[in-house]
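As given, the protein sequences belong to chains A and B, one line each in that order.
The end of the first sequence is residue 401 by UniProt numbering, with every number in the run present.
The end of the second sequence is residue 267 by UniProt numbering, with every number in the run present.
Worth double-checking, as some hints may not be accurate.
What the hints assert, rightly or not - Simulated crosslink set (EDC-like; lysine to aspartate or glutamate; CA at most 16 Å straight-line):
{"id": "1", "chain 1": "A", "residue 1": "Lys353", "chain 2": "A", "residue 2": "Asp372"}
{"id": "2", "chain 1": "B", "residue 1": "Lys201", "chain 2": "B", "residue 2": "Asp186"}
{"id": "3", "chain 1": "B", "residue 1": "Lys198", "chain 2": "B", "residue 2": "Asp172"}
{"id": "4", "chain 1": "A", "residue 1": "Lys353", "chain 2": "A", "residue 2": "Glu318"}
{"id": "5", "chain 1": "B", "residue 1": "Lys191", "chain 2": "A", "residue 2": "Asp361"}
{"id": "6", "chain 1": "A", "residue 1": "Lys353", "chain 2": "A", "residue 2": "Glu378"}
{"id": "7", "chain 1": "A", "residue 1": "Lys39", "chain 2": "B", "residue 2": "Asp102"}
{"id": "8", "chain 1": "A", "residue 1": "Lys39", "chain 2": "B", "residue 2": "Asp104"}
{"id": "9", "chain 1": "B", "residue 1": "Lys201", "chain 2": "B", "residue 2": "Asp172"}
Simulated from the structure, these hints should not be mistaken for lab results.
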Amino acid sequence: MLRDALLLQLGYNATLVAIGATLLGVAAGCTGTFLFLRKRALVSDAVSHATLPGICLAFMAMVVLGGDGRNLPGLLAGSALSAWIGLLCMTWLTRRTRLAEDAAIGAVLSVFFGFGVVLLTVIQTMSAGRQAGLESFLLGSTAGMLRSDAVIIALGGALSLALILMLRRPMTLVAFDPEYAAARGLPVTRIDLTIMGLVMAVTVVGLKIVGLILIVALLIIPPVTARFWTDRSDRVVLLSGLAGGLAGYVGAALSASAPNLPTGPIIVLVSFALFALSLLLAPGRGVLAAVLRHLRFQRRVHLRQGLLALAQGQPIYEPLTLRLLRRNGLVRADGVATETGRARAAKALRDEKRWEIVRSDLAHEAVAALYDGLRDIETVLTRDQIVEIDRRIGGPQGVAT
Amino acid sequence: MLQLATRDGSPAPAAGLDHSPLAIRGLTVSYGEKPAVFSVDMTVQPGAMTAIIGPNGAGKSTLLKAALGIIRPLSGQVTVLGRSLDAQRARIAYVPQRASVDWDFPTHVMDVVLMGLNRELGLLGRVRAWHKARAMDCLRRVGMQDFADRQIGQLSGGQQQRVFLARALAQDAELYLLDEPFAGVDAATEKAIISVLKALKDAGKTVVAVHHDLSTVADYFDNVFLINTRKVAEGPVSEVFTAGNLQAAYGGRLATAQVDQLSALPA
Numbered sequence: 001m002l003r004d005a006l007l008l009q010l011g012y013n014a015t016l017v018a019i020g021a022t023l024l025g026v027a028a029g030c031t032g033t034f035l036f037l038r039k040r041a042l043v044s045d046a047v048s049h050a051t052l053p054g055i056c057l058a059f060m061a062m063v064v065l066g067g068d069g070r071n072l073p074g075l076l077a078g079s080a081l082s083a084w085i086g087l088l089c090m091t092w093l094t095r096r097t098r099l100a101e102d103a104a105i106g107a108v109l110s111v112f113f114g115f116g117v118v119l120l121t122v123i124q125t126m127s128a129g130r131q132a133g134l135e136s137f138l139l140g141s142t143a144g145m146l147r148s149d150a151v152i153i154a155l156g157g158a159l160s161l162a163l164i165l166m167l168r169r170p171m172t173l174v175a176f177d178p179e180y181a182a183a184r185g186l187p188v189t190r191i192d193l194t195i196m197g198l199v200m201a202v203t204v205v206g207l208k209i210v211g212l213i214l215i216v217a218l219l220i221i222p223p224v225t226a227r228f229w230t231d232r233s234d235r236v237v238l239l240s241g242l243a244g245g246l247a248g249y250v251g252a253a254l255s256a257s258a259p260n261l262p263t264g265p266i267i268v269l270v271s272f273a274l275f276a277l278s279l280l281l282a283p284g285r286g287v288l289a290a291v292l293r294h295l296r297f298q299r300r301v302h303l304r305q306g307l308l309a310l311a312q313g314q315p316i317y318e319p320l321t322l323r324l325l326r327r328n329g330l331v332r333a334d335g336v337a338t339e340t341g342r343a344r345a346a347k348a349l350r351d352e353k354r355w356e357i358v359r360s361d362l363a364h365e366a367v368a369a370l371y372d373g374l375r376d377i378e379t380v381l382t383r384d385q386i387v388e389i390d391r392r393i394g395g396p397q398g399v400a401t
Numbered sequence: 001m002l003q004l005a006t007r008d009g010s011p012a013p014a015a016g017l018d019h020s021p022l023a024i025r026g027l028t029v030s031y032g033e034k035p036a037v038f039s040v041d042m043t044v045q046p047g048a049m050t051a052i053i054g055p056n057g058a059g060k061s062t063l064l065k066a067a068l069g070i071i072r073p074l075s076g077q078v079t080v081l082g083r084s085l086d087a088q089r090a091r092i093a094y095v096p097q098r099a100s101v102d103w104d105f106p107t108h109v110m111d112v113v114l115m116g117l118n119r120e121l122g123l124l125g126r127v128r129a130w131h132k133a134r135a136m137d138c139l140r141r142v143g144m145q146d147f148a149d150r151q152i153g154q155l156s157g158g159q160q161q162r163v164f165l166a167r168a169l170a171q172d173a174e175l176y177l178l179d180e181p182f183a184g185v186d187a188a189t190e191k192a193i194i195s196v197l198k199a200l201k202d203a204g205k206t207v208v209a210v211h212h213d214l215s216t217v218a219d220y221f222d223n224v225f226l227i228n229t230r231k232v233a234e235g236p237v238s239e240v241f242t243a244g245n246l247q248a249a250y251g252g253r254l255a256t257a258q259v260d261q262l263s264a265l266p267a
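Given these sequences and hints, build the entire structure.
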């Protein structure tokens with residue numbers, strides 16, 4: 001069943017949902033990255049909650065005008081309008097009053113959402129409202145998704161991606177260093193609003209699939225996941241889009257493979273699974289890598305301390321140090337240094353002196369920055385450079401390198 | 001460019017200001033209802049190095065940021081090389097305070113320097129080999145060429161400051177404005193920065209820096225601008241950097257050690 005789902009063999013609706021969810025995931029992942037880099041991730045939560053009153057008012061307006069209240073483009077236009085108003089309220093509160101952004105987010109989010117819920121209740125009492133199913137916008141609902149719905153998602157996603165491609169440099173610059181951006185004459189406020197506008201677009205087109213409560217997860221989790229794997233912002237954007245797309249695709253397939261599995265929440269859970277894997281396994285920033293690195297570092301410190309102690313004829317008390325020296329064949333079982341041990345110890349002491357020179361010489365600055373008290377000097381300097389340094393140290397030259 | 005000058009509608013510059021790289025008239029900036037900078041005039045001399053000095057909270061950085069339009073002033077006029085600020089953006093390079101950004105941001109040293117070429121790269125232009133070569137050359141000038149591929153968080157404070165300077169150099173501007181470039185940097189960095197700035201001056205560029213170390217003012221700079229919310233004095237170091245003016249700017253806030261250092265100055 002799952003295999004069929006992943007291969008898009010579960011029928012028209014499931015295929016449509018999978019494609020839509022994938023596109024949404026890519027768009028949300030790329031867009032969310034700029035929000036994440038600008039450190040305004042939670043703004044998206046307020047924006048998404050602020051869509052609810054717009055959806056309801058659009059429905060009422062369309063019913064009053066005698067149309068079909070469930071017309072999706074109409075509902076999305078309404079949601080975009082009220083999200084934009086929410087965004088402007090938040091910007092105004094942050095810039096013109098003494099409220100901090102977190103307080104502004106809280107105020108806008110709760111008030112708009114509360115108002116939306118009131119309107120939902122009102123709609124329930126309308127004769128046309130009972131079958132409206134507007135609640136499905138809260139958590140998304142993909143049953144009976146239409147081709148036109150998928151087209152809207154595809155268009156919205158493509159538009160967002162095109163804008164991101166065009167504005168990635170100014171958006172990155174504003175996220176990294178807004179003052180410098182302003183000094184260069186970039187319209188910082190407008191660029192910030194553009195980022196938020198993109199977020200709003202993704203939120204609105206994502207209403208149908210993941211719903212307004214969970215869209216924030218698709219905007220935030222993929223960039224955080226991607227950040228584990230790279231130190232460059234443009235790659236964070238790409239990887240985040242990839243993670244979002246993968247989560248959308250796998251999540252939609254999973255939910256189609258069994259009855260009664262809600263699409264939106266499953267997508268979010270898949271996205272979280274990718275995040276958890278990255279958190280644990282990513283090289284560099286991952287938890288496992290950090291633990292391993294720490295252990296390895298600890299061993300190197302002990303070994304180096306042991307060697308220096310040997311070289312200077314000091315006693316060694318640390319059991320770990322002794323064990324490491326013994327295991328490496330540097331001391332005998334009774335704690336006396338072996339031939340190799342003595343040679344390595346002398347080398348370690350010599351390297352200390354060489355490092356001292358390197359660190360006091362501005363010409364070696366880049367190398368000196370690598371100093372950690374552990375590195376063998378020949379891993380960072382050429383033989384000629386070492387000879388030159390040894391000349392400056394003076395004394396016996398016979399120590400093996 | 002001529003069209004720009006007329007379209008921005010700035011009034012014809014007053015006589016005497018047209019050659020100044022940076023001329024400020026009646027600038028007031030206020031956070032809330034307490035002015036941080038009050039009715040300040042400043043005329044920067046071309047091809048020279050000017051230090052903006054004053055006690056903490058005197059409005060030094062604020063003056064710089066308002067001159068650049070980063071903060072909107074309550075009143076006042078700024079002209080750059082005789083024209084309005086917006087017409088001259090490409091000719092100004094700004095080096096913000098190091099602490100103003102998050103150094104864990106996912107970006108490499110080379111990427112930061114390339115930000116200085118933003119205008120040339122445009123929105124969609126690809127980063128070409130010659131862009132990188134130019135950025136690399138700027139890194140070389142600040143002694144950071146070996147760090148191009150490091151993540152910026154791995155750098156020391158002084159190295160971060162030099163990367164910021166390299167980004168400004170990449171702009172190839174006429175006027176360089178630096179906010180506390182020597183704050184919290186090591187001696188090697190201070191030497192590297194000052195030699196780059198002096199080279200800029202020798203090439204006819206204008207340098208203005210917010211500076212906090214009174215003991216190096218006379219060594220590093222040609223002119224000083226003393227501020228404590230209001231302008232205290234402005235002019236060549238030899239005429240203006242006097243114990244009397246410093247007393248006026250710093251009031252009782254001059255540390256005893258500094259007073260001792262400065263007692264050698266003309267009263």
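Status of the hints after comparison with the structure:
1. Lys353(A) <-> Asp372(A): 14 Å, holds
2. Lys201(B) <-> Asp186(B): 23 Å, violated
3. Lys198(B) <-> Asp172(B): 15 Å, holds
4. Lys353(A) <-> Glu318(A): 25 Å, violated
5. Lys191(B) <-> Asp361(A): 14 Å, holds
6. Lys353(A) <-> Glu378(A): Distance of about 13 Å is within 16 Å: holds.
7. Lys39(A) <-> Asp102(B): 10 Å, holds
8. Lys39(A) <-> Asp104(B): Holds. Lysine 39(A) to aspartate 104(B) sits at ~12 Å (cutoff 16 Å).
9. Lys201(B) <-> Asp172(B): At roughly 13 Å apart (the allowed maximum being 16 Å), aspartate 172(B) and lysine 201(B) satisfy the hint.
Figure legend: structure checked against the earlier numbered hints; hints not met, in rising order: 2 and 4.
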